[in-house]
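A.B. asks: Required output: the full structure, derived from the provided sequences and hints.
Sequential numbering from -8 applies to the sequence shown in this note's numbering.
These aren't lab readings, by the way, just hints derived from the structure by calculation.
Just so we're clear, the structure is a prediction, and the values are computed from it rather than from any experiment.
Hints are not guaranteed to be accurate.
As the list claims (entries may be wrong) - Distance ranges between label pairs, derived from CB positions:
1. 75 - 211: 15 to 23 Å
2. 73 - 197: 39 to 47 Å
3. 192 - 36: 36 to 44 Å
4. 33 - 157: 35 to 43 Å
5. 87 - 136: 45 to 53 Å
Unchecked claim - EDC-like cross-link-like pairs, simulated, lysine to aspartate or glutamate; straight-line CA separation at most 20 Å:
6. 160 - 147
7. 156 - 115
8. 156 - 118
9. 160 - 118
10. 160 - 89
Ideal Cβ positions, reconstructed from N, Cα and C, are used throughout, including at glycine.
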Amino acid sequence: MIALAAARRSLLLLAFLSLTISPVARATEEESQLWLGASATMKASPRDMVIIDVGHRFRRDESNGDQQLARIALDHSVAKNVQIGGGIAYFHSEPEQELRLFQQLTATHGILQNRIRLEQRFFDTADEASWRLRHRIQATVPLDSARRWTLIAANELFFHLNRAKPSDKTGVAVMRQQAGLRHALGKALDVQLLYMRQQGLRDDRPDAVVHVPWLTLNWKI
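C.D. replies: Written out as structure tokens, the structure reads:
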């Protein structure tokens, strides 16, 4: 039975990966970046989790140069495997700064996690807030009985709800696909390495495709 369950999980993940990693065939401009991050998750109460994360994104000068971020979020359990939450984030790069508020709903069923997030993005280069909706589906599959190795795959769509800048695109604006591994270094620490393909959809010029190796350390406090 255990082998059958593992086989079913593997088949489901393979099907999910086939949908996740398939890019949209359009003319593109491509580049590579490197993202590094660290996060800490703390249990504030039996039903509340606080997540703090920071990161650095190494980017080309043509892509507004390197970016640093800091974010804090709270997730509150409202039912079994269902959380609502929100938080605030700050993004810094040389050309512009961004303050971001967000609200989210997360539901988990077996190896699948479904997250819907609404964001209000305030740029120092725009007069009004940019509203964005994000929908992510993620599959997480343990690869061993001790759960020290975990395979991760995710697909996320970004919907721009308004135009805060003349160059903004409404509707589906960004697609992200991720695949990688998480490894437990101990009870409270794990490391995660993902490959991410991000495609920004643009009407008047080729899409912007970014290839990102993404390394993150995660602590549970």
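A.B. asks: For a quick check of understanding: which of the numbered hints are violated here, in increasing order?
C.D. replies: none
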